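Colleague: In the order they appear, the protein sequences are chains F and C.
Numbered by the numbering used here, the letters in the first sequence go through residues 25 to 256 in order.
Numbered by the numbering used here, the letters in the second sequence go through residues 26 to 394 in order.
What the hints contain is simulated information worked out from the structure, not anything from laboratory work.
Take the hints with a grain of salt, since some may be wrong.
[As the list claims (entries may be wrong)] Straight-line alpha carbon distances no greater than 20 Å define the calculated SDA-like cross-link-like pairs of lysine to any residue that follow:
1. K379(C) <-> S282(C)
2. K152(F) <-> V87(F)
3. K153(F) <-> A74(F)
4. K278(C) <-> V299(C)
5. K345(C) <-> M372(C)
6. K177(F) <-> D120(C)
7. K153(F) <-> S194(C)
8. K153(F) <-> M372(C)
9. K55(F) <-> F238(F)
10. K153(F) <-> V102(C)
11. K274(C) <-> A248(C)
12. K153(F) <-> S286(C)
13. K379(C) <-> N254(C)
14. K153(F) <-> P83(C)
15. K153(F) <-> R165(F)
16. K153(F) <-> K345(C)
17. K379(C) <-> S286(C)
18. K345(C) <-> L271(C)
19. K177(F) <-> I67(F)
20. K152(F) <-> S286(C)
21. K152(F) <-> E115(C)
22. K153(F) <-> L172(F)
23. K274(C) <-> D297(C)
24. K153(F) <-> E115(C)
25. K152(F) <-> M372(C)
26. K152(F) <-> F119(C)
27. K177(F) <-> V102(C)
28. K177(F) <-> F119(C)
29. K153(F) <-> V82(C)
Computed from a predicted structure; not experimentally measured.
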Amino acid sequence: MDILIDGIREAIRLLFTLDSEVMGITWLSFKISGTATLISLVIGIGIGTAVALTSFPGRRFVVSLINTGMALPPVVVGLFVTILLWRNGPLGFLEILYTPTAIIIAQAIIATPIVTGISLAAMQQLPKKLRLQILALGATRLQMVWILIREAKLPLLAAVMAGFGGVISEVGASIMVGGNIKGYSRVLTTATVMETSRGNFDIAIALGIILLVFAYLINLILTQIQQRERPR
Amino acid sequence: MKETLQVLESRGLQVRMGGALILDVPSLSIRQGEILSLIGPNGAGKTTLLQALSRLVPSSRGDIYFRGSRIGSNHSVIQYRRRIAMVFQEPLLFDTTVAENVASGLRIRGIRRSDIRDITALQLSRFGISHLADRSARTLSGGEAQRTSLARAFATLPEILFLDEPFASLDPPTRESIIDDLERVLRETGTTTVMATHDLHEAIRLSDRIAVMNGGRIVQTGAPEEIMNQPADEWVASFVGTETILPGKVAEKNGSSLLVSAFGFTMEAIGDAVPGEDIVLCIRPEHVTLSAFGPSLTTSARNVFRGTVERIIPAGAFFKVRVDCGFPLTAYVTRNAVDDLSLREGMPATASFKATAIHVIRRKSPFSP
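Just chain F, with the same shape it has in the complex:
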């Protein structure tokens, strides 16, 4: 029990004294996962909207592929990104394995299906006639897509949160493609794994608290959105 209480006490000290290593890891995690989420938003909202607004042969197959992708295991993503970026792999010439860029790529791959799936659902739940109404108001196709995205903004915000929540807490791919290099590619989750294995529970708990705060904030915002969603 002492281990836990001492650990929490030390963790709080690390947090309140803004320990440079902990803060560095937090900031890097935020940057990496934020960038990965941004990339996944551009691709995911794009694909989700396109699939929602068009009909083509094999559409059902694509939709089920996207939904399967939402549960993509991070270690599998880590494995394939590692192989791709391996020195003699197809993209080995980029020499980005064990860099923050590699983590961004892996996390973007994990987040994209999540964002795509939620965007697709968000766009599909808008009334079909809304598209006709927007066109009847004289909109170009691009204006129509933009207005539809704005109409689906609340569920799309949920996509942002789910995507970010998915990658900030992910460890498998980050450790495989990032290498957990101190001060360079060490993020909250990989650092927590390492410090725990070394028995440095105070730092591990501090990192864990930060992760929990992230998770809490994300859920708080999501709940707020859901509560605001249907006033009637």
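Given the coordinates of chain F, assemble chain C onto it according to the supplied hints.
Modeller: For chain C alone, kept in the frame of chain F given last:
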């Protein structure tokens, strides 16, 4: 002769869905400033025709001409859509304020901010919703939302307004007050309007012309009076509320006066048919007069039949009375008349109608299938 300006004209318009022909309208033209109603049962093709005319659904065949130029060549579809407006049955408002909703068509057109403010304010007051300007569209009642939708449509000063059953999901008092407002605004602006509705009374009240649709085709076009009193075929007659539709045969012809035999009775009618010809007699219930059974009848009506009251059905402000005269005949009777005549089911009554009250449809008319 006064020249009438065609705003919109369609030629050979066909729409197919999944291979099936769901709309087939060889020609239709809409005159400047007129209000044309498309009436028909569900699935008649009213919405498809509206959407094809507004170029919201692609037509499989045919052309649409807006002020004489074909859309798709001289007019791009988007240019055309920016000169029309459409209001659907659902208000389809955006998740923003009422004022922003009314302004949305203007924003899409890139109109100056100050102009948008002025136009929006005018439309809000026109439809009596100025006090709701800053309210979220999500919090509106059905009537308020549909007013917002109408204000949004009028804000872009459309040259043609398309209305797709805009009052169908409103409760009767709300519907009545919105129709009042729409009627006033249409009179003020003189906007050319095409409205789909399955409500005959709505169509009669608002329209200059009615097109009756069935099975994806227009079966009759004409002034409301003409559609009501001279239906082109039995189907139209029944759709517009002609309760008595009887098969008959022309026995004699004297000028335009016909002696017709139906159900073993002889009736006098006015129409165009030749002796021996099979015809259909249409008698609207408001043209039939009922009196209590009695020998002294003082009526100018040529057709007088005695029968038995079969059913008395309350129908709003009046009663629908079915009389068996050897053939079924339906009359509209006011509540006072029911009391005065002490009408009861099973009692004898005399029904009369004028020769001019019968509309004669020739069996082999071009409208018959």
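Colleague: Determine for every hint whether it applies to the structure shown.
Modeller: Verification of the hints:
| no. | hint | verdict |
| --- | --- | --- |
| 1 | K379(C) <-> S282(C) | holds (12 Å) |
| 2 | K152(F) <-> V87(F) | holds (18 Å) |
| 3 | K153(F) <-> A74(F) | holds (17 Å) |
| 4 | K278(C) <-> V299(C) | holds (7 Å) |
| 5 | K345(C) <-> M372(C) | holds (15 Å) |
| 6 | K177(F) <-> D120(C) | holds (10 Å) |
| 7 | K153(F) <-> S194(C) | holds (15 Å) |
| 8 | K153(F) <-> M372(C) | violated (54 Å) |
| 9 | K55(F) <-> F238(F) | holds (13 Å) |
| 10 | K153(F) <-> V102(C) | holds (18 Å) |
| 11 | K274(C) <-> A248(C) | violated (29 Å) |
| 12 | K153(F) <-> S286(C) | violated (53 Å) |
| 13 | K379(C) <-> N254(C) | holds (13 Å) |
| 14 | K153(F) <-> P83(C) | holds (15 Å) |
| 15 | K153(F) <-> R165(F) | holds (15 Å) |
| 16 | K153(F) <-> K345(C) | violated (40 Å) |
| 17 | K379(C) <-> S286(C) | holds (16 Å) |
| 18 | K345(C) <-> L271(C) | holds (18 Å) |
| 19 | K177(F) <-> I67(F) | holds (16 Å) |
| 20 | K152(F) <-> S286(C) | violated (55 Å) |
| 21 | K152(F) <-> E115(C) | holds (11 Å) |
| 22 | K153(F) <-> L172(F) | holds (12 Å) |
| 23 | K274(C) <-> D297(C) | holds (12 Å) |
| 24 | K153(F) <-> E115(C) | holds (9 Å) |
| 25 | K152(F) <-> M372(C) | violated (56 Å) |
| 26 | K152(F) <-> F119(C) | holds (13 Å) |
| 27 | K177(F) <-> V102(C) | violated (29 Å) |
| 28 | K177(F) <-> F119(C) | holds (12 Å) |
| 29 | K153(F) <-> V82(C) | holds (12 Å) |
Of the hints listed earlier, those the structure fails to meet are numbers 8, 11, 12, 16, 20, 25 and 27, in rising order.
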